[in-house]
Each structure stands twice: as C-alpha cells, then as structure tokens.
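K.L.:
One-letter residues, chain by chain:
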Amino acid sequence: MQVRGKVAKRFDDDINTDYIIPAYLLQESWDKQFFADHAFEAYDPAFAPTCRANKESIVVARNNFGCGSSREQAVYAIKYNNVVAVVAQSFPDIFFRNCLNNGLLPIQVADTSTIGLGDELVIDLDTRKLKDLTTGQEHDIVATDASIETMKRGGFLGYVKERLRQRLNAQPPRAP
Amino acid sequence: MGGATIAEKIVSRAVGRKAKAGEVIEAVPVDKLYFNEVIGPPAVLNFQKDFEDVYTASGKKLQVFNPSRIAFMPDHTVPSCSIKVSQGISLIRDFANDQGIAMYKEGDGIEHTIASEEAFVLPGEIAVATDSHTCTQGALGALAFGIGTTEGENLLATGELYSFTVPETISFRVKGRFQRGVYAKDLVLHVLGTMGEGGASKKVAEYSGPTIDSLDMDGRFTICNLSVEMSARTAIVNPDKTTLSYVEAALARRGMAMTDDLRGMVARSDPDATYSKTVDVDAATIEPTVSLPHSPANAKPVSQVSDPISTVFIGSCANAREADLTIAAKILKGRKVSPSTNLIVIPASRRVYNWAMDQGLLKVFADAGANIESSNCGPCFGKHMGILGPGDRCLSTSNRNYKGRMGSPDAFIYLGSPAVAAATAIEGRVADPRKYLPAGEA
Numbered sequence: 001m002q003v004r005g006k007v008a009k010r011f012d013d014d015i016n017t018d019y020i021i022p023a024y025l026l027q028e029s030w031d032k033q034f035f036a037d038h039a040f041e042a043y044d045p046a047f048a049p050t051c052r053a054n055k056e057s058i059v060v061a062r063n064n065f066g067c068g069s070s071r072e073q074a075v076y077a078i079k080y081n082n083v084v085a086v087v088a089q090s091f092p093d094i095f096f097r098n099c100l101n102n103g104l105l106p107i108q109v110a111d112t113s114t115i116g117l118g119d120e121l122v123i124d125l126d127t128r129k130l131k132d133l134t135t136g137q138e139h140d141i142v143a144t145d146a147s148i149e150t151m152k153r154g155g156f157l158g159y160v161k162e163r164l165r166q167r168l169n170a171q172p173p174r175a176p
Numbered sequence: 001m002g003g004a005t006i007a008e009k010i011v012s013r014a015v016g017r018k019a020k021a022g023e024v025i026e027a028v029p030v031d032k033l034y035f036n037e038v039i040g041p042p043a044v045l046n047f048q049k050d051f052e053d054v055y056t057a058s059g060k061k062l063q064v065f066n067p068s069r070i071a072f073m074p075d076h077t078v079p080s081c082s083i084k085v086s087q088g089i090s091l092i093r094d095f096a097n098d099q100g101i102a103m104y105k106e107g108d109g110i111e112h113t114i115a116s117e118e119a120f121v122l123p124g125e126i127a128v129a130t131d132s133h134t135c136t137q138g139a140l141g142a143l144a145f146g147i148g149t150t151e152g153e154n155l156l157a158t159g160e161l162y163s164f165t166v167p168e169t170i171s172f173r174v175k176g177r178f179q180r181g182v183y184a185k186d187l188v189l190h191v192l193g194t195m196g197e198g199g200a201s202k203k204v205a206e207y208s209g210p211t212i213d214s215l216d217m218d219g220r221f222t223i224c225n226l227s228v229e230m231s232a233r234t235a236i237v238n239p240d241k242t243t244l245s246y247v248e249a250a251l252a253r254r255g256m257a258m259t260d261d262l263r264g265m266v267a268r269s270d271p272d273a274t275y276s277k278t279v280d281v282d283a284a285t286i287e288p289t290v291s292l293p294h295s296p297a298n299a300k301p302v303s304q305v306s307d308p309i310s311t312v313f314i315g316s317c318a319n320a321r322e323a324d325l326t327i328a329a330k331i332l333k334g335r336k337v338s339p340s341t342n343l344i345v346i347p348a349s350r351r352v353y354n355w356a357m358d359q360g361l362l363k364v365f366a367d368a369g370a371n372i373e374s375s376n377c378g379p380c381f382g383k384h385m386g387i388l389g390p391g392d393r394c395l396s397t398s399n400r401n402y403k404g405r406m407g408s409p410d411a412f413i414y415l416g417s418p419a420v421a422a423a424t425a426i427e428g429r430v431a432d433p434r435k436y437l438p439a440g441e442a
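Chains as they are written, first to last, in the numbering used here: chain H, 1 to 176; chain S, 1 to 442.
Derived from the structure by calculation, the hints contain no laboratory data.
Any given hint could turn out to be false.
Partial chain H-side listing against chain S, Cβ under 10 Å, derived [what the hints assert, rightly or not]:
#, residue
1, Thr-17
2, Tyr-43
3, Ser-70
4, Ser-90
5, Thr-134
6, Thr-150
7, Gly-155
8, Tyr-159
9, Lys-161
By construction, the Cβ of each residue, glycine as well, lies at the ideal position given by its N, Cα and C atoms.
All chains, full assembly: derive it from the sequences and hints.
P.N.:
Spelled out as structure tokens, the structure:
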C-alpha cells in the first residue's frame, strides 16, 4: 500500500496538541471538520490554507510531535486539512494511537532534516520505505508489524466491531 | 533472567500470562474507564453511531461492556461555561442514567482527584481515561494512562485496549531530604528540566527511593501527574503502607473495606526488574523551582527569577489537594495578596473544598483577597475562570505553561509549587517561599 503527498508544513521539536488545537474550542463542536477549520489557529494560522492547497499534504516535524494533551481533535485538525501523513522522528504514545484510529499515518523515520518543504513523498507501507522523490533519498520507516497493519486498515474500528460481534453472539440474548 | 517491573506485573495479571516490556498484546482488558465532559460526549455519540448495528444484528440493546467499571466526571469547564458544554453534560448524564453508569456532578471535583478519593481506581488496576493526566493514578500503584475519543468509544463497547505495547520503564531513584520550602512539585519540575519534554517518551516513569517513600500521597499524585510533561506513557509508584492507608480511608468513606482480593491486586517491581534506564536524583540539592514560559521542562531555581506576575492560580489536578492548600494557607495567613495580582484558588474536589472550609483554610484565602471557585479545572484549561490576556503573566500550580494554554498566546505562564504560588501572590512577582514559612516549618 502506497500513499503519496507533498510536504506542506515543517515543524520543530515538541509540537504539543494545545498548539494544534486550543482547548477552548474542544467542547464547542462534535463535528471533526470544525477542528480542521481552527487548526493551529494561534500558533500557525497559515496551516489550514497551506495544507488545503494540495490534494494530499504531508506534515513533517522533528521529535515528539503531538505531545501533551490527549485531545483527539488535534488529529482531526490535521487530517481534515487534506493531510494524509505526519512524518516525524518520534511521536508520544497517545497522539500516535489517535492517528492510527483516524487513518492519519504517523510515519516515524530516523532523520527528517533533509526533507524539504514542497518535496513529493511516497510512503510504502509494504516495503516500509519513505521515498523523497524530490531529493531521491530513501528513509526506513520505523514501525511495529501491528501498527503497519492498523495503518493499512485505517484504524481499529472494523476489528473492534468484530470482537464485539463475537462476544455478543457468545452470550444468550438479554431479556427485553 | 531478571524480574518484572510493576508495569509488567499489572499487564501480566490483566492478560493472565507473563507479559514482557516491548511485546505487543492483541487485547488488554482494562479495569476502570472514566470520561470528562470534554471527550465524553463525542465518545458516547460515536459509540452509539458506530456500534448500534452490531448490537441490533445480535438482537441486543446497546449496552456498555460493564457499567460498574465506568464513570463520567464533568470537571473541565463546570459549572457549565457555554451552551454547548451544557448540552454535552446532558448527553453524558442521559447516557450514564440509561446504562447504569456512575455520573458525578459538576463541582464534585477534577476527574483524577475523584478517581482516587472515591477509590474508583485501586492499586494494581489498569485505568484509562480521556485525558493525558490520567497518569496521576500511578501514585496508587495503578497502571493508568490517557486515551483519545476513538479508544474511549471502543472501550465502552468491549472494555479492551487493542494492539497494546507493554511499555518499558525508566527507574527514577530519588534520595535525599528536601530543603526547607521544597516540595514534590519542585522535584518533578527539576526532573522535567533534566529530561526535556520528550525525555521519557513511551516509557513508564517509576519513582522509588527514600525520598519517595517519605512523601505523602498528595506529593506522589503531583509527581505522577507532571510526568506526562516529559512524554512518559505513564508514571507509577510502588504501593506501600502510605498507599494502602490512603486507599483504606477512601474505601471507608464509601462504607467499604480493604479485602483480600483488593490486597491481592497490589503489585511491586522486583528488585532485579529490567529498566530501560536508571536516573538517580539527589533531592537534597533541589531548590524551590519554577518552570518558565513556554515549556514545563524550562525549569529554573526560583532564586534566579523575579518577574512581575498579574495572576496566580492555585488549583488543577497537579496541586490542589489537602497538603497543597495547607502550605499555601500557612504562607498567606495574616497576609494580603498584592494589589497588582489576582489570586484564584480552586480546590481539587468538593471533598477538599469542604475540608478546607472546615479547617478554616478558605477563610485564610478569602481574608488574603483570593477568588475561591468551586472545584473544576479552572483557568488551566484556558476556557473560563481566569483567561489570560495579551501580556498577562501567570504563576500557576498546574502542569502546562505552553504558549496560549491559559488564554492569549501573548501571555506568559510560570509553573511552581503552592508555596511559590502563595509567596508570589503576596509580592506580585515570582517569589521565594522560604522567607514566609513559619519557623520550624519544613
């Protein structure tokens, strides 16, 4: 499975989810697109228009992208601005799992410093290579087998529904 | 071969076989699951939308995996600060009532304080909640961490975490007596300063050693709470007599007693457990510490800082329990808040609030000129009860001083202990608390 996109934004270390979507908005909508409209509102207001300018954008960062608050709205804020993947040198656990659950690819590579703005990237989940078509460089994707599988499935939901189905069918029906 | 860490033991107990750090487990059942009113409403809506068809096809009514293991705790912006927040609280209340799930009231307290005070989370359990500071429960010797909305909805259905990587552990061994005016908050800010914001990424921060042994539970909650600011998966303290007497008292308040089953859940790391890294900390060398804008890891001794401060916040899941309010009141007793500073005090729970009232602490704060609010997350969430404007400088006992965290991105947030906060409120600038401590006070 391959995913392609253009690098629309580059970030430094320790971008926290408060920067991605501020707290005061979190309770004001249950619509995922709402958060995309306010992505990086106080930190980088150009984020949304810049990412939306491409059909498939990719965000590149250094270490510890998505740290801090567990708010999943941070993933909606990125993904629903036409972002297909975030490429970083490391991700904290909660943000990483929130990405997996929403089909936003959290791609870890050892060194993102050579990936430039505007570069065309191809992410190959089968060969676990990230190819930078602009520079010709190839990066190894660091991931467990389980997370690659989840990335290909676009999340856990189908799997969880199957677990629930098996469990419910193993129990006698409840009295009405 | 080496022994097991407490984290490995808790996961092993949950899955019924020996689990080692680094392995990925397909499904891990959790013991406790709780929600706030920020993520509760969308998690419930998504659960209803995504799983309805599975229940219908099985001829069953929509039903969570086990209502007695779940709780809803509205705490972030209560009493409600907007129409949408009120709608969200109504939504989770209706759902909780329909499903037979415990629903706490606005003002009962901050979720991570209620969870331990109510003995909802117990030693040896796996607890998850839709908030990154769920790691606070690690002070009980529970393996506790934050999850997102989708994981919350999945857990409502099945009570399981999927594709779970058993975390490795960093051992923080802390020795040395605190200097006068130094508390758990100073220790953890100092640790954040040495580790950096990503320094414990994906790892469990396990705290041990004589300094931790001598800490009360309130101090342990503070240390575990702040550990997520170095991106730790969670933090944990091995349960001891202090832990068990706290839990026994919490159970007793609910008319329950410690049983052999509960005692059997208690886990501790083996002396020969394998750690990914060991960090030795000498607490005796730590001074009262503040973290400067805009990172919790930007720690400096308070003696090097004297910036003017317009707002002081004593509150949050980090530092608003009995021990915290006690020390703040000792410093503020008989003194006045600076005319240039606004002091906001928010006890961490209704129980702490009522206790502080009985003890006369609320009167000390009120006499000093503080604004005392009912229990909630307050200005730490940046949505109500003290939003910072451009140029404002705030000293907060909370856990995050990111740019924009408490309001304007052009405000400045400093983190410190309740003692530093009280001294700062008096002087209107970042102040060393030691000169205000009564003689003989630790």
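K.L.:
Please go over all the hints and tell whether each is borne out by the structure.
P.N.:
Each hint, compared with the structure:
no. : hint    : verdict
1   : Thr-17  : 8 Å, holds
2   : Tyr-43  : 7 Å, holds
3   : Ser-70  : 4 Å, holds
4   : Ser-90  : 6 Å, holds
5   : Thr-134 : 28 Å, violated
6   : Thr-150 : 6 Å, holds
7   : Gly-155 : 7 Å, holds
8   : Tyr-159 : 7 Å, holds
9   : Lys-161 : 5 Å, holds
Of the numbered hints given earlier, the model fails hint 5 alone.
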